[in-house]
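The listed protein sequences derive, respectively, from chains A and B.
So the first sequence is numbered by this note's numbering: it starts at 2 and just counts up by one.
So the second sequence is numbered by this note's numbering: it starts at 3 and just counts up by one.
Just to be clear, a hint being listed does not mean it is correct.
Cβ pair distances, simulated, as ranges [to be verified]: (1) Glu64(B) / Glu13(A): 22 to 30 Å; (2) Glu30(A) / Thr209(B): 27 to 35 Å; (3) Lys97(B) / Gly54(A): 35 to 43 Å; (4) Gln125(B) / Glu71(A): 47 to 55 Å; (5) Glu13(A) / Ala89(B): 29 to 37 Å; (6) Gly60(A) / Leu147(B): 37 to 45 Å.
Lysine-lysine pairs mimicking BS3-like chemistry, simulated, CA-CA at most 30 Å apart [claimed, not checked]: (7) Lys127(B) / Lys215(B); (8) Lys62(A) / Lys217(B); (9) Lys62(A) / Lys33(B); (10) Lys203(B) / Lys217(B); (11) Lys172(B) / Lys17(A); (12) Lys59(A) / Lys31(B); (13) Lys62(A) / Lys10(A); (14) Lys112(B) / Lys127(B); (15) Lys68(A) / Lys172(B); (16) Lys203(B) / Lys10(A); (17) Lys17(A) / Lys31(B); (18) Lys71(B) / Lys97(B); (19) Lys62(A) / Lys203(B); (20) Lys33(B) / Lys112(B); (21) Lys172(B) / Lys127(B); (22) Lys33(B) / Lys127(B); (23) Lys10(A) / Lys33(B); (24) Lys216(B) / Lys71(B); (25) Lys62(A) / Lys215(B); (26) Lys203(B) / Lys38(B); (27) Lys112(B) / Lys59(A); (28) Lys203(B) / Lys59(A); (29) Lys71(B) / Lys17(A); (30) Lys31(B) / Lys71(B); (31) Lys71(B) / Lys215(B); (32) Lys17(A) / Lys203(B); (33) Lys33(B) / Lys68(A); (34) Lys71(B) / Lys10(A).
The hints are simulated quantities; they were obtained by calculation from the structure and are not laboratory data.
The beta carbon of each residue, even a glycine, is placed where N, CA and C say it ideally should be.
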Amino acid sequence: MACISPDGKPTESGSKMLRALQAGLGSPEEIARDTGLPLFRVRSGLRELTQAGLASQKGDKYELSPKGGEVLGTSST
Amino acid sequence: MEEVREQVSHMPRIGEAAPAFEAVTTHGKLKLEDFKGSWLILFSHPADFTPVCTTEFIAFAEIHPELQKRGVELLGLSVDSVSSHIAWVRNVEEKIGVRIPFPVIADLNKEVSLAYGMIHPGQSKTETVRCVFIIDPNQIIRTILYYPLTTGRNMDEILRIIDALQTTDKNAVATPANWRPGDMVVVPPPSTQEMAEERLKQGYECTDWYLCKKKL
């Protein structure tokens, strides 16, 4: 996975997206603008983070999940 | 003959929706729809760690900033593993000092290659030829280029095509041979006799009623 390392920790780009979600940003476009990551990268990254249970999707928007919050709290990136 | 038919099962055409895909890339799993809203240049190369392909990757990396200014993303492809891609782009950065910023599809099962008609058995049954698909923000194919294994592509022409297509979309005009930004553009030809008669009075630079140009 591009956003999550084999050890289950988010990569740098994954952490950026999770922090953007934590800050209340919800659309891929907002997160791309905030993180400086390309939009295509954010769309695929959010899909991955959702599949891993670190984010959840509600319609067109995404939210940080409790598990995602815990990972951010313990992540060193 | 059966093998040839299987290899060239589909040739997408200009004006059609780009075939959807989900693929393993050097930037994770990507879907075509992830690029919706941007222009996309999907291009294939025959193989990693080969000379012409390496010069092309460097050239694509060099025009990447100009493409980004125009709202265009790059996506490469070859029938190689993601590990091969990673090793190759790291080698290019280490040996030549050029960072490859765009993702590259590892199309080991040839799913994307076959959907896009990238394998031409007269050249190779296992490697893609040098294809370029220019796909617009609505994911419609707008231009297709096919180059042989031996001939590297020209980045000036690829940029020129992007500029021409974007100019056409913005201004409802066509672009003549060898057009460059700033040159006169072609006014769409009249479609009725009445329009043809009026055309020569409209202040364009006309050779005749069907060939008129204007400055933007």
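Go through the numbered hints given earlier and state which of them the structure violates, listing their numbers in rising order.
Violated: hints 2, 5, 7, 8, 11, 15, 16, 19, 21, 25, 26, 27, 28, 32 and 34.
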